[in-house]
Amino acid sequence: MASGVRAVAQARGPAVAAGRRVQRRWLARFARRYPLGAMAGIAILGLTVFAGLANHLAPYDPLANDFGTMFAAPGARHWFGTDAFGRDVLSRILYGARTALLVGFAASLVGATIGGTVGVAAAYFGGTTDLIIQRLADIMISFPIIILALAIVAILGSGTFNLVAAIAVSFVPRIELVVRASALSVRETTYVEAARAIGARHWRIVFRHMVPNVTAPYLVMLTAFLGQAILLEASLSFLGLGVNEPTPAWGLMLSGAAVEFVQRAPWMAIFPGLAITFTVLAFNVLGDSLRDALDPRLRI
Amino acid sequence: MARYLTRRLLLMIPTLLVVAVIIFVLVRVIPGDIVELRLVSGGSFVTASVIEAERARLGLNKPIWRQFVDWMGGLPRFDLGTSMWTAAPIAKEIALRFQLSLQLAIMSTLIAVTLALPLGIAAAVRRGTWVDHLVQILSVAGLATPSFWLGILLLLFLLSNFHWLPPLTFTPLWVDPKANLLQLIWPALAVGYRYSAVTTRMTRSAMLEVLQEDYVRTAWAKGLAQRVIVIRHALRNAMLPVVTVIGLEFAFLIGGLVVTEQVFNLNGIGKLFVDAIARRDYTMIQGLLLLVATVYIVVNFLIELLYVWLDPRVSYG
Amino acid sequence: MHGSHAPGRRPELRIVAVLVTGLLFWLLSAPLGAQQPRTGGTLTFIVSAEPPSFDAHREVTFALIHPARPHYNLLVKFDPLNYPKVVPDLAESWTISPDGTTYTFKIRRGVRFHDGSVLTSRDIKASYDKIIFPKGDVISVRQGAYTMVASVEAADPTTVVFRLKWKAPSFLQDVASPWNWIYKADIIEKDPHWYERNIMGTGPFKFVEYVRGSHWVGARNEDYWVRGRPYLDGYRAVFIGNAAAQVNAIKSGQALVEFRGFSPPQRDDVVRTLGSGATVQESGWLCNNTVVFNSRHRPFDDARFRKALSLAIDRWGGSTALSQIAFVGPVGGLLRPEGPFATPQAELEKLAGYGRDIAAARAEAKKLLAEAGVPEGFEFNLLNRNVEMPYRYVAVFLIDQWRQIGLKVNHVVKETGPYLADERAGNFDAAVDFNCDFYDDPDLQLVKFLSVELPNGSVNGLNYGGYIDRTLDRLYDEQSRTEDAARRITVVRQFEKRLLDEKVWQIYVLWWKRIIPHSTKLHGYKVGPSHYLEDLQDVWISE
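Residue numbers (our numbering), protein chains in the order written: chain A, 7 to 306; chain B, 1340 to 1656; chain C, 27 to 569.
Keep in mind that the hints are not guaranteed to be accurate.
Derived list of chain A stretches under chain B, where covered just means 3 residues or more per stretch with a C-beta under 8 angstroms from a C-beta of chain B [to be verified]:
(1) 72-86
(2) 237-249
(3) 263-277
(4) 290-300
FYI, nobody ran anything at the bench for these hints, they're computed from the structure. C-beta: ideal position from N, C-alpha, C; glycine also.
Between the sequences and the hints, there should be enough to build the whole structure, so can you do that?
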């Protein structure tokens, strides 16, 4: 969708600069009105940079076992200490940010995009299609999100890719409901009716008139579910059903040895937990501010 | 209105039927089955014929449609079948854990509501002041903190400061209230924090919305006495979304605490679900999924009832 | 405590009085043996998993043995205090015919089931018939271990005769199997599935209750046939899966012991908290982790590649390191390092991957990789079971070891059910596998290394690697038929060299180590190489 917008912009040539100016002005206003949201956005940007540069920033190889320094307490050599295999906790947290962001972005992007598409389709076609989709969404929502994700992981198996799929699927009905509601309000407007009356094709109506109107709820849901996805990833990895060793991942770092040796090496449980909390916090704050800025009536 | 409610109640039946169908299909595509786990997991030598015999005994070699008919056939009689792992009736297995999960859900709700209502209202009434900011920070942080991690920290705190840990086995409340509460208060706190964060946010935003309505603004301008009266009214209206959130969270807590129950070693529905998945106990997974869905649907229905009761403006034909 | 302030108004005096009395008591009792068993008390212990059914003839998990074995007796049993000696249980004596094919057991008189009925040879026969010749839809997982048995006969009420088709050197140990609980014939005849959900035995403890997910309770059998036993009033097995919660239970005194085994950090944690209140017992363990290679997949069909994988593993270094965090440790070959068939150290170090010079071994491994045409950075999957201890630890270790010769390993973790299904279906490149047994017996433990298709046309379902090696098949038969113990060991050594050094079809990573930290209040318990043996008959607790 974003690429579609860009394509149009490029075709128009001189409009590109103007578009960028509008974007920049919008960002400045957003930062002024929602300082917390802007800070969260910067924090996320920072985290992304850290994750991207993990191979340059991490003081140690996150996978290398070092049996000479097992359970080392935080100190000058290992700022966040080491784990049961003598692996540097700080390096694993830095690399773990990659896993968290990858799973978070991938799962919520896929989930929000599928959910959004289905929501728009349901709203546009209405009638029986809508009814069936709504019933199905209602039913899927009746399972707690983690239960649904667990069941899907059981079907697909563990591992990063399957984890993304499981989380994305469990997001779909929740996002679908919100997007559908926003899309419905557009459907009955006169311009959509007019477009229909002149015999415009389905996809044209959907993309020209409905999609732009659900962009706001789509973006807000995307941000809100990013935090959720990271929390879910942590929970599933904690249960041994998510990311597998030795991949650095925050939830995985909290499971097993971290809990078992919590008294002996509390840093193994404290730092990854803090990383999760701060990251999710940043995404939630940004999500809140985006909602207030874009679509204040949205309840998420 | 009675007719409306009856209709809604009856509508739950086809919904649950569809839920049952979806659950059955979902569960049967889970790869690997319980027989391998039961007979071979010790590393011993088992002949193929023994494995086949066990499959037959559990009904796993019947055609899928036949298994489906068997399962659906039992549902009207509230017969969920027997666990493939323990051979005990599913209903009995679930009942055993339900008490703990229900009590934990109730305790967490109490904690959440006691915290959330005053904080949410205070934040809304004093919007933009430090009270509001503090409440907001607390609640956003609550949403971001994994409950199970909070649980780990709680246990660490108890261990290092008091060299004490909550009791390991569940004692029903009426048998020994002290032992019971000493075990469940910690997970209730860990879960209650997140829960209260969700509820506080909803209380705040619902109150804000109501406070902006004209009649409240007018009352605000006129002075204290009237303000109090109107805020009471306002609260009544603002309660609808709050009650919805509480209800949905409550439904989530029955069965949704899969990770927290692991951390505190609680014998609840969530742990049963994780075990059932690990064991590929199909009948048990089906029963549990049906239970959580039913709880959700029933809670939704109850919320609707509350709507009717709380908001006379909502009318039903 | 309340009100009885008479002995001394001042508390200090009271304490001194108590101490002096205690000291006197100790001085007097010490020479008589501090081990004077006390009768009474309830033993609370931890079980880390839960039993599926209650019928040991069809189950394979210690999670059934630990809570339920005390309700039953066996025909003969391994002495829990003196493993692997076989001692009488329900059979008070036995004779073996000179040709070794007839075993006659004399059954104890006056043994009663918990319902009051008297045990006779009929009950023994019915139980063994259920194990060896299951009828209808009855499942017996150990049927395959008794293929040598032609018949079980109850000659008279106190005599049971086992007739064998051929001479089996370790048949007595087979009969001492901790899984062969003796059930009541009348019940089995009426409903062969009854024992899956009910308990009725002759053991030292009667069944009280089992609350799923929570606990299992047994109470003293007042009419037990061993005079003065059991010592305990009863026991309470609490089910705790979470490793941290297990340690916490022992530390807080809510449980006294766990009979399977703790990891070293769990042990250290317990000892640090309980101090002198903790006793630690350690032993080798008849369990190990191996890696199976799927010889149907390239390049795992190349012995050079497989050998390189074994050479890359620093077993001695890994043993030192992993034994600090997981319950693995001893480096060994095919049979248990401390057992009767253990490979001597000097011979062991000659096998591929067992040398002391890891740098040289890795250089050789890299050379072999090059010869086999496996490029640097080659990727493969390692299938593993979703069990924390010790599987996850072993896999993290292996992946790191293989990384050091330039291989990239993807860790595929599955729940036990699908994991086993994948192994059987050959749906893996390499898989972390395991073996656990109650007795060192090459016949039993080497059978899984036989060719996937045996010369007689039958299929070996335990050969997950899918190879055919007639040399191994021949050596197996040879060791099994060899009566001379020393000669048998030599043949077993040849088998081991063929399997681990020449063909490298499968490799051993490390053997497990059993660590039982328990409260000093627990007595009459001795850790052994098998975690299937405890029956609580002689266990007692001090105040």
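Numbers of the earlier hints that this structure fails to satisfy, in rising order: Those not satisfied come down to hint 1.
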